[in-house]
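*Asks:* One point on numbering: in my numbering, the residue at position 111 of the sequence shown is 976, and numbering is uninterrupted.
In case anyone wonders, no lab produced these hints; they're calculated from the structure. Mixed in with the good hints, there may be bad ones.
Derived CB-CB ranges, DEER-like [as the list claims (entries may be wrong)]:
| hint | residue 1 | residue 2 | range |
| --- | --- | --- | --- |
| 1 | T919 | N949 | 41 to 51 Å |
| 2 | G920 | F947 | 35 to 45 Å |
| 3 | V945 | Q922 | 28 to 38 Å |
| 4 | I952 | I896 | 17 to 27 Å |
The structure displayed is predicted, hence computed values, not measured ones. Even for Gly, the Cβ is constructed at its ideal location relative to N, Cα and C.
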Amino acid sequence: MSLGSIGYGLYLQSYPFTVNESASYAIVTNILSSNFLAGLLVVFGLLKLIFVFTGHQKGRLIALSGLIFLWTLVTIGFFVQFLNGVINSGWILGLIIVTQAWGISQRGNFRE
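Given these sequences and hints, build the entire structure.
*Replies:* This is the structure we're talking about:
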């Protein structure tokens, strides 16, 4: 999830027109600008990797929670646009990511 979030964030930073010109991202960009969303994905992804490798459990939980929030926001944005007639599959992929991340948060040992 961390690497995927970093990759997606870097992609959005490299190709901002993907977000700015796509109706699928309209709801997300009303809340967060494309650069801010991309930056947050990269930052939280990097933090999660750092906390995993350093064994900092509470930091890992905070970073994971941030990623779950961001991916839920993106997923809801895609789903609402899908309901409004904008054909996209992003909401399905986002739902998979959020579901897996939620499972990690429930099964993980975040006590220090």
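*Asks:* Now tell me, hint by hint, if it's right for this structure.
*Replies:* So, going through the hints one by one against the coordinates:
no. : hint                    : result
1   : T919 - N949: 41 to 51 Å : holds (43 Å)
2   : G920 - F947: 35 to 45 Å : holds (40 Å)
3   : V945 - Q922: 28 to 38 Å : holds (35 Å)
4   : I952 - I896: 17 to 27 Å : holds (22 Å)
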